[in-house]
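Taken in sequence, the protein lines are chains H and Y.
The first sequence begins at 60 in the working numbering and counts up by one.
The second sequence begins at 2 in the working numbering and counts up by one.
Just so you know, these hints were derived from the structure itself, not from any lab.
Each residue gets a CB set at the ideal place from its N, CA and C atoms; glycine is no exception.
Certain hints may be false.
[What the hints assert, rightly or not] With a straight-line cut-off of 30 angstroms between C-alpha atoms, the simulated DSSO-like cross-links for lysine-lysine are:
1) Y/K21 / Y/K43
2) Y/K43 / H/K94
3) Y/K43 / Y/K154
4) Y/K154 / Y/K21
5) Y/K154 / H/K94
[Stated by the list, open to error] To give an idea of the chain H side of the interface with chain Y (calculated C-beta under 10 angstroms), a few residues:
6) H62
7) L65
8) L66
9) W68
10) L72
11) V73
12) V75
13) F76
14) F77
15) Y79
16) L80
17) Y83
18) L96
19) A105
[To be verified] These stretches of chain Y come out as covered by chain H in the derived footprint (C-beta under 8 angstroms, 3 or more residues):
20) 28-39
21) 57-71
22) 118-131
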Amino acid sequence: MDHLLLLVWHALLVSVFFAYLWRYEARARRRLFLKTLLIMVLGGIACGWLMYVAP
Amino acid sequence: MSTKVPQDGTAESRQAARRKAPVVLLIAAWLVPGLGHLLLGKRHRALVFGLVVLASFVTGVLVDGELGTPREASPFSWLATIACCGNGALYFVRLIWLNGLDLLSLSSFPYQLQGGGSPTAAGFSYGNTFLYTAGLMNLLVMLDVSDITRGEKD
Chain H
60 MDHLLLLVWH
70 ALLVSVFFAY
80 LWRYEARARR
90 RLFLKTLLIM
100 VLGGIACGWL
110 MYVAP
Chain Y
2 MSTKVPQDGT
12 AESRQAARRK
22 APVVLLIAAW
32 LVPGLGHLLL
42 GKRHRALVFG
52 LVVLASFVTG
62 VLVDGELGTP
72 REASPFSWLA
82 TIACCGNGAL
92 YFVRLIWLNG
102 LDLLSLSSFP
112 YQLQGGGSPT
122 AAGFSYGNTF
132 LYTAGLMNLL
142 VMLDVSDITR
152 GEKD
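With the rest of the complex left out, here is chain H (with noise of 0.2 angstroms):
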């Protein structure tokens, strides 16, 4: 199972979700969408990296 896949799935459907329940205009939802989707991808990837430390 490709744990990253997973991420980008769940942050794709996510970022889908909440520019069409905020956003109306294309251009607007457009812009929250990647905003978004890039913010839960790359989070998601930095705290994978922080958890090394982790025992």
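Since chain H is already given, all that's left is putting chain Y on it; use the hints.
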């Protein structure tokens, strides 16, 4: 984001705040993800919300996630149950799939309900996350339907 009702404390805005969303519409929005928006004529959003909730739920089931069910002496299991209940009909169909049609006749209902999944599976925690997320997203969709019918959103 555009709002239709002025939030300035005028009689019109106070009246709009008191207006209630039809219960049948909210139940429809809860039972079938996207149906609430579809009934309001928001076809595009209905399709997106329906597909996102369905995709998240199916992914959760496929990677061996466990549906939230109440556990005796485990109060937090009720939070998981509420989150998963947000999936509406999907939740009940999956419960019936796992427990059979006579689930109401279990001796210590609802504590004996099986939520499926396998704690030893690699995707167990991921699956749970997908299932909880799907339910919580559908609850937000319900709130959105309520806001639209009350005139607070487009």
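Interface hint status, H/V75 versus chain Y (Cβ within 10 angstroms): 6 angstroms, holds
Interface restraint verdict for H/W68 against chain Y (beta-carbon cut-off 10 angstroms): Holds: closest Cβ of chain Y sits about 7 angstroms from H/W68, inside 10 angstroms.
Pair hint Y/K154 and H/K94, alpha-carbon separation not exceeding 30 angstroms: Holds. Y/K154 to H/K94 sits at ~23 angstroms (cutoff 30 angstroms).
Status of the H/L96 interface restraint (C-beta, 10 angstroms, chain Y): Check failed: Cβ of H/L96 comes no nearer than 13 angstroms to chain Y, outside 10 angstroms.
H/L65 as chain Y interface residue, shortest Cβ-Cβ below 10 angstroms: Where the cut-off is 10 angstroms and the nearest Cβ of chain Y is about 5 angstroms from H/L65, the hint holds.
Proximity test - 8 angstroms, beta-carbon atoms, the segment 57-71 of chain Y to chain H, at least three hits: Since three or more residues must qualify, the claim that chain H covers the segment 57-71 of chain Y holds, with 3 doing so at under 8 angstroms.
Per-residue hint verdict: H/H62, partner chain Y, C-beta under 10 angstroms: With a closest approach of 8 angstroms, the H/H62 hint holds.
Outcome, coverage hint (the segment 28-39 of chain Y, chain H; C-beta under 8 angstroms; three residues): The restraint on the segment 28-39 of chain Y is violated, since only 0 of its residues have a Cβ under 8 angstroms from chain H and three are required.
H/Y79 as an interface hint toward chain Y, with CB separation required under 10 angstroms: 5 angstroms, holds
Minimum beta-carbon distance criterion (10 angstroms), H/L80 to chain Y: At 6 angstroms from the nearest chain Y Cβ, H/L80 passes the 10 angstroms test, so the hint holds.
Closest C-beta approach of H/Y83 to chain Y relative to 10 angstroms, hint status: Holds: closest Cβ of chain Y sits about 6 angstroms from H/Y83, inside 10 angstroms.
Interface hint for H/L66, Cβ within 10 angstroms of any Cβ on chain Y: Interface hint status for H/L66: holds (8 angstroms vs cutoff 10 angstroms).
Hint check: violations occur at hints 18, 19 and 20; the rest are consistent with the structure.
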